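In case you want the letters, here they are:
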Amino acid sequence: KQEVTQIPAALSVPEGENLVLNCSFTDSAIYNLQWFRQDPGKGLTSLLLIQSSQREQTSGRLNASLDKSSGRSTLYIAASQPGDSATYLCAVVASGGSYIPTFGRGTSLIVHP
Amino acid sequence: DTAVSQTPKYLVTQMGNDKSIKCEQNLGHDTMYWYKQDSKKFLKIMFSYNNKELIINETVPNRFSPKSPDKAHLNLHINSLELGDSAVYFCASSQGLGQSSPLHFGNGTRLTVT
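Protein chains in written order, with our numbering: chain A, 243 to 355; chain B, 165 to 278.
Among the hints, a few may not be true.
What the hints assert, rightly or not - In the DSS-like style, the derived pairs of lysine-lysine whose C-alpha atoms are separated by at most 27 Å in a straight line are:
1. B:231 <-> B:205
2. A:243 <-> B:204
3. B:208 <-> A:243
4. B:208 <-> A:310
5. B:235 <-> B:208
6. B:216 <-> B:186
7. B:200 <-> A:243
8. B:173 <-> B:216
9. B:205 <-> B:183
10. B:216 <-> B:235
11. B:231 <-> B:186
12. B:186 <-> B:173
13. A:243 <-> B:183
14. B:200 <-> B:235
15. B:173 <-> B:231
16. B:235 <-> A:284
17. A:243 <-> B:216
18. A:310 <-> B:235
19. A:284 <-> B:205
20. B:235 <-> B:173
21. B:231 <-> B:200
22. B:200 <-> B:173
23. B:200 <-> B:183
24. B:204 <-> B:235
25. A:243 <-> B:173
26. B:231 <-> A:284
27. A:310 <-> B:231
28. B:235 <-> B:183
29. B:173 <-> A:284
30. B:186 <-> B:205
31. B:186 <-> B:204
32. B:208 <-> B:173
33. B:208 <-> A:284
34. B:208 <-> B:186
35. B:200 <-> A:284
36. B:186 <-> A:284
37. B:231 <-> B:208
38. B:204 <-> B:183
No lab work stands behind these hints: they were computed from the structure. The structure presented is a predicted model; accordingly, all values stated were derived computationally and were not measured.
Here chain A stands alone, though its shape is the one from the complex (with noise of 0.2 Å):
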């Protein structure tokens, strides 16, 4: 069963950094690996869609990286500001099964000014 983890579980920076959002799974057979953001009260917004067959993904400042045979993902986050504040979430589709997404338990990020 496909388990998923993000580290760390919270992150507070100041305004300008430069971050690093991590998501391991233990099933190396994925189909494909997605970002979310979730707003307090709110519902998840898709941020990027990495396929299995890509190594990363890119969106203005975001960045998605995909390392399937470690089971790792990264999202980079340039120059953060406070308006990235928010719960950042992966999911994973594991190939050959029902196709249903799973995920980790997210990393919810503070960008101070």
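Given the coordinates of chain A, assemble chain B onto it according to the supplied hints.
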């Protein structure tokens, strides 16, 4: 314009009552999901439907019964509510099983059982 909409946003009720949460998506997606987010923010899959058919039913008490009248709707009915059912319930949709497309979430329904 809302892609995935859930109603109600808040639901406060007493133990033993029966309640329903509705979900609709206007994205033309084939697959819909119900997730439960506990107090520690952990998202756990409850049900998944593909083209109105149940695909997965995780270890959820049979007091929870999903219903999909058509591809655009997936409702969740809960009988005999218990204190432990208090959580935020999220509906989501995706293009289809086996299609590598992003998940789209509703804003959640915060259920409080007293």
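Restraint check for residue 200 of chain B with residue 235 of chain B, where alpha carbons must lie at most 27 Å apart
holds, 21 Å
With a cut-off of 27 Å on the C-alpha distance, tell me whether residue 208 of chain B and residue 284 of chain A pass.
Holds, at about 17 Å.
Is residue 231 of chain B within 27 Å of residue 186 of chain B, Cα to Cα?
Roughly 10 Å separates the two Cα atoms, so the pair holds.
Measure nothing beyond the straight line between the CA atoms of residue 208 of chain B and residue 186 of chain B; if it is 27 Å or shorter, mark the hint as holding.
holds, 18 Å
Please verify whether residue 200 of chain B and residue 284 of chain A have alpha carbons no more than 27 Å apart.
holds, 14 Å
Keeping to a limit of 27 Å between CA atoms, is the pair of residue 235 of chain B and residue 173 of chain B held or broken?
holds, 22 Å
Proposed proximity, residue 204 of chain B with residue 186 of chain B (alpha carbon, max 27 Å):
holds, 24 Å
Pair hint residue 186 of chain B and residue 205 of chain B, alpha-carbon separation not exceeding 27 Å
holds, 21 Å
Does the structure keep residue 231 of chain B and residue 205 of chain B at a Cα separation of 27 Å or less?
holds, 25 Å
Are the Cα atoms of residue 208 of chain B and residue 173 of chain B separated by 27 Å or less?
holds, 19 Å
Is the straight-line distance between the alpha-carbon of residue 310 of chain A and that of residue 235 of chain B 27 Å or less?
violated, 33 Å
For a C-alpha distance cap of 27 Å, please report whether residue 310 of chain A and residue 231 of chain B respect it.
Violated, at roughly 36 Å.
In summary, the numbered hints that this structure violates are 13, 18, 24, 25 and 27.
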